[in-house]
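Colleague: This is what each chain is made of:
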Amino acid sequence: MLLAAVVSLTILGTVFGLLLGVAARYLRVEGNPLVAEIEQLLPGSQCGQCGYPGCTGAAQALAEGGAPVTLCPPGGRALAQALAAKLGVDADLSGVEDKGPMIAEVKEEICIGCTRCFKVCPTDAIMGAAQQIHVVFREACTACGKCVDACPTESVTLQPVPVTLQSWHWHKPQTGSAT
Amino acid sequence: MKLFDLRGGVHPEGRKDLSAECQIRSVPLPKTLYVPLQQHIGAPATPVVNVGDHVLKGQLIAHAQGAVSAPVHAPTSGVIAALGDHAAPHPSGLPVPTFTLESDGLDQWIALKGEDDPFTLSPEDVAARVAAAGIVGLGGATFPSALKLNLSRGVRTLIVNGGECEPYLTCDDRIMRERAVQIVEGIRLIAYAVAAQEVLVGIEDNKPEAIAAMQAAARGSAVQVIAMPSMYPMGSEKQIVQVLTGKEIPAGGRPADIGVLVHNVATAYAVQQAIRYGRPLISRIVTLSGGALKTPCNVETLVGTPVEELIAVAGGYAQPAARMVLGGPMMGQQFANTGVPVMKGTSGVLALTSKEIGQAEPSPCIRCSTCVRACPVGLLPLEMAAHIRASDLTGAVDLGLKDCIACGSCSYVCPAHIPLVHFFNYAKGDLAAQERAKLKQEATKKLAEARTERIARIERERAEAMAKRKAAREAKERAAKEAAAQAAKEAA
Amino acid sequence: MNPIAHSPHAHAPISIGKVMGTVLLALTPATLFGFWLYGWPAINLWAVSLIAAIVGEAAVLRLQDRAVKPVLMDGSGILTAWLLALSLPPYAPWWIAVLGSLFAVIIGKQIFGGLGQNVFNPAMAARVMLLISFPLEMTTWVAPLQSPGLLDSLRITFMSQPIDGMASASLLGHVKTEFTRGIGLEQALIGHYVPMDMLWGSRVGSLGETTAVLLLLGGLFLIAKRIFTWHAPVAMLIGVAVPALVFNMIDGNHYAGPMVHLLSGGLMLAAFFIVTDPVTSPNTALGQFIFGLGCGLLTWIIRTWGGYPEGVAFAVLLMNAATPIIDQYVKPRIYGRDRKGAALPANKG
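Respectively, the protein sequence lines represent chains F, D and C. Quick note: the first sequence uses my numbering, first residue 9, plus one each step. Quick note: the second sequence uses my numbering, first residue 3, plus one each step. Quick note: the third sequence uses my numbering, first residue 133, plus one each step.
Check the hints yourself; a few may be wrong.
Said to hold, decoys possible - Here are the simulated distance ranges between beta carbons: (1) D/457 - C/245: 53 to 63 Å; (2) F/143 - D/96: 17 to 27 Å; (3) D/452 - C/202: 53 to 63 Å; (4) C/197 - D/437: 54 to 64 Å; (5) F/167 - D/55: 28 to 38 Å; (6) C/197 - D/30: 50 to 60 Å; (7) C/245 - F/180: 15 to 25 Å; (8) D/126 - F/143: 42 to 52 Å.
Derived from the structure by calculation, the hints contain no laboratory data. As the structure is a prediction and not an experimental result, all values here were calculated from the model. Yeah, the Cβ is synthetic: ideal placement off N, Cα and C, and Gly gets one too.
Modelling step: build the complete structure from the supplied sequences, incorporating the hints.
Modeller: This is the structure in structure tokens:
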């Protein structure tokens, strides 16, 4: 009886040990691809709102667990979810106030055409020239807010993207304790 | 003919008797019409007339733009008073670009080019004229019809949908009873345009008069009129194909993938009018019904007519309406502003009482799986809704969210009154928004990378230029030094 | 709150309260028969169960700061307590009913998050808890139609008065005991198994489990009302009857036949009112069939080879645990896709 138990346990241990060894050899992951993968998810506009030097720095911090997944304001709730899924953590998204997509807007009346905003724009989303009113390309603006800081007359502000028939969709139903 | 089984489905109370016996009436010419530029799936039409222009009835006022689009024509003669925002017949109530047309009261047609023998046209010509007439799917999907004809050339079976499974609606019933001959000609024209070998008209068996009228009109032609069991959503494209052919449209595909083309009976009528008389699509039959209306009826109304004028035709309200709905009660959309216009896809205007709606506060799901039995697609609505409620949209997609046809059968039967289909449409909309955000992020990322590269290049070039200048200066200085040394040497 | 409502703008005339009410209605004939069979003690027990469930659930909801009225009005707590009462020995003392009811609605249901969230059938969980904790009280059976007076009945229920000369054994228990004494099945059944009595329910057993005919009628009524489908009940009956038939044919003196199994214990009640509990059973027709089959099979196995004479409650709990995995693997095929979820091929012909 005792012998049978010892023998069977030994055999089991050997077999599983071998399996693990084989798996370690054939399923090995080269390097740490996590930082590069996280950086792929980030907006890449290097706006610095997270407090890290650009998106690569933020990706590094995320991979090391030193930064919360909710760190990127331009990415919003969707990005926080994607990061949480990538890192396999449970994100507390209740704190992320999703203001919905925002966009920079130049108030024409008080724009002096100083060109400072489009010099700092990380995505070349503002067009203009000296002494001329600047305009924002909606499609290119990530609402990083750099232009807002740069504007000497406070004529650049972040505004919610206007809802159109194309972008409108149903809100989430409120069902209390249902389902 | 052998009919095939439909999965799931529900039997909502029909309520068609409210308006079924009412002949199609005409509506007094409205003084002001609101004609949106987008009344179809695809890109909005581009205006071709200016504010202040006088237009004739049937005149092109906006042409199609891009591959998926449809032109818009003036519903009556008059002056374009404005081109601006007007509330859309849509649950959001958002404004959309809309022509305001002040009628001149003459209702004067533009010169029309009809065809006495339409079958002498080439199939391509038929499709082209359907496109020029601005015809879209009148069953509610409003997909440009000509595009469907062009994508479906050579299909085996043409299915004409006279199902009208939505409760209350009787507009297709009435048009089949009263205009069967024209519909059959339209069907034959569509069949001719796509060279279909088999033509099936499916009508639910709760419309015996329509079946009889269509059978009489179809006698001697290749058009077969088939009575189908009454069940919701029999009139949905996927379901009618399944019942009549036994085949299923592949997921993510179109009926043409299995050699089928589906058109609505009212669309067939519009095609006949466009080809034989040259009339563009500027009017349609609309059912006005619901317990809150005094005299429910069916009307033929110009596109652009404000809904409130139709309410007046139906005798006004018998009692306050708890909810106004465009379309049928199962898939129609609530609207708040009765100033919104009738569009090409508007099949009904319903003024419902709260008793008819039967809404109650949602209670917890007891997993009774009535929704699973009701789903005509074979989904698990309760599981999908639970995932969406917990913000796990990808989980819902894995369960088949994208295959949901939003027919509302699950919500209709749910004893807990859980707004299941609302969950699904919320999730679909949110996923689409996420997809758009992702595309934008990819695009802006490229821009950011391009900018970083550009700045680096400029820096590099500047550094190179500086280095060059420095080298040149140094060379010069060296030369000067050497020259000085030389001079000193010579002097010595 | 968005004032615009999503479609559909119509609803079937049904609600959770109506569903529960219909099930209670279907249970009523069997319950009344139980009252007639066992008299006042049965009525006492039933009433105590219901009151305990209502009071207990209300208290728990109050503790959670949740609205009490809508939850009590859905009728699910009453249904749970009612089913539990039907599965208790009719002369059981009052505290058995109170403990069972409280366990069912609090531990069995509310702890999980309330209606729809529980994994195990609350009535069966409570029954198993009672059976394990209080085997004596839960297996003290009485012969039917002894009609004690009201006063006697109060003594039986509330003062746990010992029952003199009224005690009897249930069929399954009796058979199990006889086996341990080395007596064969055919002999054991003599005088204990009268098919017609078994059918009508005039036999020793739980309060409302004995009347096969009335339970069957209630079940058929609910199937006709589309409260549930035939899949789970029929599968459960098959799951018991088929192995019983096979083994009875192999060794008739040791394995009871299908009729003995179908008409004894809590099988009929379970087949139509327990395995059809929507919360703890699978979502799909096929899943429900598998679930019912498993319940039946396990019931028969436990009855035949297990330590307890009756196995319905254990079988149901075991299959409850298997429900999520059945739902994981048994899903309907989606329109336009094959079983694996890939889009069907295009076929222009």
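Colleague: Please go over all the hints and tell whether each is borne out by the structure.
Modeller: Consistency of the hints with the structure:
1. D/457 - C/245: 53 to 63 Å: 56 Å, holds
2. F/143 - D/96: 17 to 27 Å: 24 Å, holds
3. D/452 - C/202: 53 to 63 Å: 59 Å, holds
4. C/197 - D/437: 54 to 64 Å: Since residue 197 of chain C and residue 437 of chain D have Cβ atoms about 40 Å apart, the given range 54 to 64 Å is violated.
5. F/167 - D/55: 28 to 38 Å: 35 Å, holds
6. C/197 - D/30: 50 to 60 Å: 59 Å, holds
7. C/245 - F/180: 15 to 25 Å: 20 Å, holds
8. D/126 - F/143: 42 to 52 Å: Given about 44 Å between the Cβ atoms, the range holds.
Taken one by one, the earlier hints fail for this structure only at number 4.
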